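The chain contents come next:
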Amino acid sequence: DAKTTQPPSMDCAEGRAANLPCNHSTISGNEYVYWYRQIHSQGPQYIIHGLKNNETNEMASLIITEDRKSSTLILPHATLRDTAVYYCIVRVGTNAGKSTFGDGTTLTVKP
Amino acid sequence: GAVVSQHPSWVICKSGTSVKIECRSLDFQATTMFWYRQFPKQSLMLMATSNEGSKATYEQGVEKDKFLINHASLTLSTLTVTSAHPEDSSFYICSASGDPEQYFGPGTRLTVT
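Going line by line, the protein sequences match chains A and B.
Heads up, the first sequence is in our numbering, so the first residue is 3 and it goes up one at a time.
Heads up, the second sequence is in our numbering, so the first residue is 1184 and it goes up one at a time.
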């Protein structure tokens, strides 16, 4: 699996957009970009994934650069409940694709 | 979305005993499940890949005789920590793969005294 690089921590004001970057310069053509978050003492929660097109769901938007070497997760209106560790992962999108976790970004949303 | 459950959610056991943790996919069949371990303030570390009907594949450095994995059906994988010691105390998380999503369980907190 490709290695990902994320900033260790970020702060965001409540109600503002949170933009979390991720570098995955060695991503392969068949690997997807996934984002998960983990709130203390819980299992990771799926947020969004994409292959090469930008994606949006009810939780977030995912922007993938044209060369696919980096991506940005956008939480459009951050709330205090969005405080968590956010993990960017690249993996093949099949049943056998395993997720290798890096250190993630600790996002702290402040009032 | 799909749901993965784990049982128990927490367990305390004495050193030298064995503990079994169950992972179930509740509304889909999972031919592949994964087991992770997470120590305090650290990221998740993949321990093994569990395939239904065949032997699990362990990551480098994970003792297969200590962490026994059985994937007996398309909805159930179990992890047994044998002869547990205090250093095995950790947060154990399983996941099940769909295509292309991967869903995670809520985790099991193991404390070995």
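There's no promise every hint is true.
[Stated by the list, open to error] Capping the alpha-carbon separation at 30 Å, the derived lysine-lysine pairs in DSSO-like fashion look like this: (1) B:LYS1224 with B:LYS1197; (2) B:LYS1238 with A:LYS5; (3) A:LYS100 with B:LYS1247; (4) A:LYS5 with B:LYS1197; (5) B:LYS1203 with A:LYS71; (6) B:LYS1224 with A:LYS100; (7) B:LYS1224 with B:LYS1203; (8) B:LYS1249 with A:LYS5; (9) A:LYS112 with B:LYS1197.
In case anyone wonders, no lab produced these hints; they're calculated from the structure.
Please read all numbers here as calculations on a predicted model, not as lab measurements.
Here is how each hint holds up against the structure:
1. Taking the CA atoms of LYS1224 of chain B and LYS1197 of chain B, the gap is about 24 Å. The hint holds against a cut of 30 Å.
2. Taking the CA atoms of LYS1238 of chain B and LYS5 of chain A, the gap is about 27 Å. The hint holds against a cut of 30 Å.
3. Taken as a hint, the LYS100 of chain A and LYS1247 of chain B pair is honoured in the structure, with Cα atoms around 18 Å apart against an allowance of 30 Å.
4. Between LYS5 of chain A and LYS1197 of chain B the alpha-carbon distance is near 38 Å, which puts this suggested pair outside the 30 Å criterion.
5. Between the alpha carbons of LYS1203 of chain B and LYS71 of chain A the distance comes to roughly 41 Å, so the proposed pair goes past 30 Å and is violated.
6. Proximity of LYS1224 of chain B to LYS100 of chain A is assessed by CA-CA distance (about 22 Å); at most 30 Å being required, the pair is judged to hold.
7. For the hint pairing LYS1224 of chain B with LYS1203 of chain B, the CA-to-CA distance comes to about 24 Å; that is within 30 Å, so the pair holds.
8. Between the alpha carbons of LYS1249 of chain B and LYS5 of chain A the distance comes to roughly 29 Å, so the proposed pair stays at or under 30 Å and holds.
9. Restraint check for LYS112 of chain A and LYS1197 of chain B: not satisfied, since their Cα atoms lie roughly 41 Å apart, outside the 30 Å limit.
This entry does not satisfy hints 4, 5 and 9, going by the numbered hints stated previously.
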